[in-house]
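K.L.:
Spelled out from the first residue to the last, the chains are:
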Amino acid sequence: MSTTSNAPTGNNRVRVVVATSVMLTFISYWRAAAVILNDLGSSAFYAGGIAEQAIGKSAPWFILAVMLFAFAVRAVYVESCSMFVRGGVYRVVKEALGGTLAKLSVSALMFDYILTGPVSGVSAGQYIAGLINDTLTIADAHGWIPSAVHHLFHGTPQVGVNGTAVVFAVAVTMYFWWENIKGIEESSEKALWVMQITTVMVVMLLGWSFFTLFKVGGHLPPFPTLANIHYSSESLGFWKHSKLPHMFGILGLIIGFGHSVLAMSGEESLAQVYRELAHPKLKNLKRTAIVIGVYSFVFTGLVSLLAVMLIPDDVRMKVYSDNLIAGLAMNMVGPQILRLAFRAFVVVVGFLILSGAVNTAIVGSNGVLNRVSEDGVLADWFRRPHKRFGTTYRIINLIVGLQLFTIIVSWGNIYTLGEAYAFGVVWSFVFKTISMLVLRYRYKGVRAWKVPPNLHIFGVEIPIGLASVGMVLLSTAIVNLFTKSVATVSGLIFSVIFFAIFSFSERVNRRKHADHAAQMKEQFQLQQADTVERETVGIRPGNVLVPVRDYNTLNHLKWVLERTDTKEQDVVVMTARISQFGTAAYGLSTEQIFSDYEQTVFTRAVSVAESFGKKISLLLVPARDPWSAVAQTAHNLESSGVVAGLSSKISAAEQAFVLGSAWEAIPEPKQQFILQIVEPNGTVDTFRIGPHTPTMKNEDVVLLHRLWLNVTREPGLENVHHHDILTQALTRFARDYGANDHETIVKELRRHGGEIDPNPVRRIADQVDTVQPAQPRTDRDDGTPNPST
Amino acid sequence: MSLTFVLIKILEYMFVAGWAGSVIVLLITGVEDVGTLLDKKDDTSH
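In order, the protein sequences belong to chains G and Z. For reference, each letter of the first sequence is one residue, going 1 to 789 in the numbering used here. For reference, each letter of the second sequence is one residue, going 1 to 46 in the numbering used here.
In isolation and in its complexed conformation, chain G is listed as follows (with noise of 0.2 angstroms):
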């Protein structure tokens, strides 16, 4: 293979070397369902109260009956994960059914998702909103407001419950909005941390609602028959003035289960954190369904069947629609200050859950749209990317306004946009699982898992699971279409608009593309490979690797091309294209990858070559995690040294922290390499990726030699070395902290490493010296630029 150059090739193109994989870290299953869960989980704190003012008394049972019916549903998420690694509905549906009807079924799970995060933030609100309200209430039963207070209320201060989780929503809503313009980083680490959190406050609201249950009794809610079910004015819709609902028993049961969906939202997320599971995938998602699934029924479906035993019957509805585990809190047994402080405790777990929903509503949404986008279904304008943070910022403004306008025009009425919500839910999982059942009879691959049971008869297989889950789904939805006049003209409005945005883009990119393709032919020849190769990029071990991300700010590859001979060291300019949450893993086609902007940055990264009259090897990598893709690439290109900018987010010392994680992630055999971080005043900061010799302090160096001279005067040892004390030394400090010493070594360790050392990057990267603009250059040994010049 030739080695790949900015000279052009024989027919006067550029070799780019596109990898066609996401440089993915995996996770484990625990991880997963809680990033699931932060988001299904939610719900418990609204969809109760949202089916009862619907229905009446009997909801818990059509929660739990939802609650049950989605491990169904998780089941069609596994056969479909098992046929695609990204087997969201998307990609599903378009399989199947075809790119129309996949940009329908995209149009009504975007509605699901953005409207996750005003429910989310509303809710979260009128949590908040109800704790300061029912504390201003105690107060001023004890006489703890002042009477100027109480006169300039006319009463009891009070804050309007709408009002201010209006205002929540907006705040929390806009600081996302800024959080995924910076480009936050989405950790399954703070996911485990939130759930965590909620599994103790779920124990404790078990155990003493069972604890007051026991004490004070209660009854079971009316089973849901006929007669038992209480249609509000507004949960028959466009059937209001009908005898249809109250005529037929089991259409009521319908109705009654089609207002409760929306207690299983967020499935989709099974299907986005699959292709970063760790191996082994399928029976890791079986575990990750079966830990959300059960999770889910006890958290979402009993506190709802344990708020209407509990609470009173004309609090409520009244008083607690809106936050059901706080009115559940209030009416345990025990003292007062104790129910409010437990209270406390479910608001500040429903403020980072709730949160934590507005956020992964408008990541998901920005994923989903760019998954779309890559398919060239929606314009490249709004691909491209925010020029400080590298963010697709059109798509999460775009997001964000679409969810600020619904926080806005709901005023808070968490009903209305419960909903509302239930239509996107609802939709987008018949178009999925009708689609599942035609690809029971087009799809030809693997397929490692089938929703049980299957018949076969003559031949022909009867997916009869399958059609079960699709056939309660598409009654559902279809009697949902009638009873929820809201979600209906609402999703119908949304979707009909984003169906067109779609279908217009895709007609404008079409048209682009092909001149764009042309273009682009004229420039760069791409070669796609599946993973990175040295052998594919067609370099020599021990070359520099520079990652480019802004094509304005390229000094670091300046700084690089100005030091390095190039005939004798390969330079590798690389580009990670970042696959957001929710977009294809595997197989990408180049024009998913190589968009305009990453022609634009290959563009000046030629020509700032050519000015130097030097080679570079070009290398588009498709990540999730922009370190990650430089570590794992560094590690399979056999690089010496790394050379980056500065970030505009992080510090040089942090940037060398993350790449060291990021190395640490890597299986071993492993290499180390030397970092490079160029700020822009041309100061450059050194740092060793990986276990390396350590900077010594002076004493220790003395030390050692002191210890070495009383050592080579004993009898026999004579010819010991000073790395012979060493390795004594350090087999014995394992030996030590790995026995009784432990606590004592780790005691003494942070004593000192207070002092000696506070910066932790030190621990991973050591900072081995710092290089002063304008100086001139001696190649080490090894051939990477001299730190120390």
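Bear in mind the hints are in silico, worked out from the structure with no lab data behind them. Careful: at least some of the hints might be erroneous.
[Stated by the list, open to error] Within a straight-line C-alpha distance of at most 25 angstroms, the following computed DMTMM-like cross-link-like pairs (lysine to aspartate or glutamate) qualify:
#, chain 1, residue 1, chain 2, residue 2
1, G, LYS615, G, GLU568
2, G, LYS558, Z, ASP39
3, G, LYS450, Z, GLU32
4, G, LYS243, Z, ASP33
5, G, LYS558, G, GLU748
6, G, LYS450, Z, ASP39
7, Z, LYS40, G, GLU189
8, G, LYS649, G, GLU598
9, G, LYS182, G, GLU654
[Stated by the list, open to error] If you want a taste of the chain Z side facing chain G, the calculated C-beta under 10 angstroms gives, among others:
#, residue
10, ILE8
11, ALA17
12, GLY21
13, GLY30
14, LEU37
We put the CB at the ideal spot given by N, CA and C, even for glycine.
Chain G is fixed; fit chain Z onto it per the hints.
P.N.:
Same frame as chain G, now just chain Z:
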């Protein structure tokens, strides 16, 4: 009215039949799930 009646009856049958089938799905996958949970091989969670 009669067409509406027929359509609603179809929806009702779909719903009931769907639930009956879904319960079978839950039973079969439930047994499988117990096996998956008990199978500690390859359990690398941490």
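K.L.:
Now tell me, hint by hint, if it's right for this structure.
P.N.:
Each hint tested on the structure:
1. G:LYS615 to G:GLU568: At roughly 11 angstroms apart (the allowed maximum being 25 angstroms), G:GLU568 and G:LYS615 satisfy the hint.
2. G:LYS558 to Z:ASP39: violated (55 angstroms)
3. G:LYS450 to Z:GLU32: holds (12 angstroms)
4. G:LYS243 to Z:ASP33: The given pair, whose Cα atoms are some 44 angstroms apart, is violated under the 25 angstroms limit.
5. G:LYS558 to G:GLU748: Distance ~45 angstroms between G:LYS558 and G:GLU748 Cα, so the pair is violated.
6. G:LYS450 to Z:ASP39: Satisfied, since the Cα-Cα distance of roughly 20 angstroms is no more than 25 angstroms.
7. Z:LYS40 to G:GLU189: Distance of about 23 angstroms is within 25 angstroms: holds.
8. G:LYS649 to G:GLU598: Given pair G:LYS649, G:GLU598 holds - Cα atoms ~21 angstroms apart, limit 25 angstroms.
9. G:LYS182 to G:GLU654: With a Cα-Cα distance of about 16 angstroms, the restraint between G:LYS182 and G:GLU654 holds, given a limit of 25 angstroms.
10. ILE8: Holds. Min distance 6 angstroms.
11. ALA17: Holds - the Cβ of Z:ALA17 comes within 10 angstroms of chain G, reaching about 6 angstroms at its closest.
12. GLY21: holds (2 angstroms)
13. GLY30: holds (8 angstroms)
14. LEU37: Holds. Min distance 6 angstroms.
Against the hints set out earlier in the document, violations occur for numbers 2, 4, 5.
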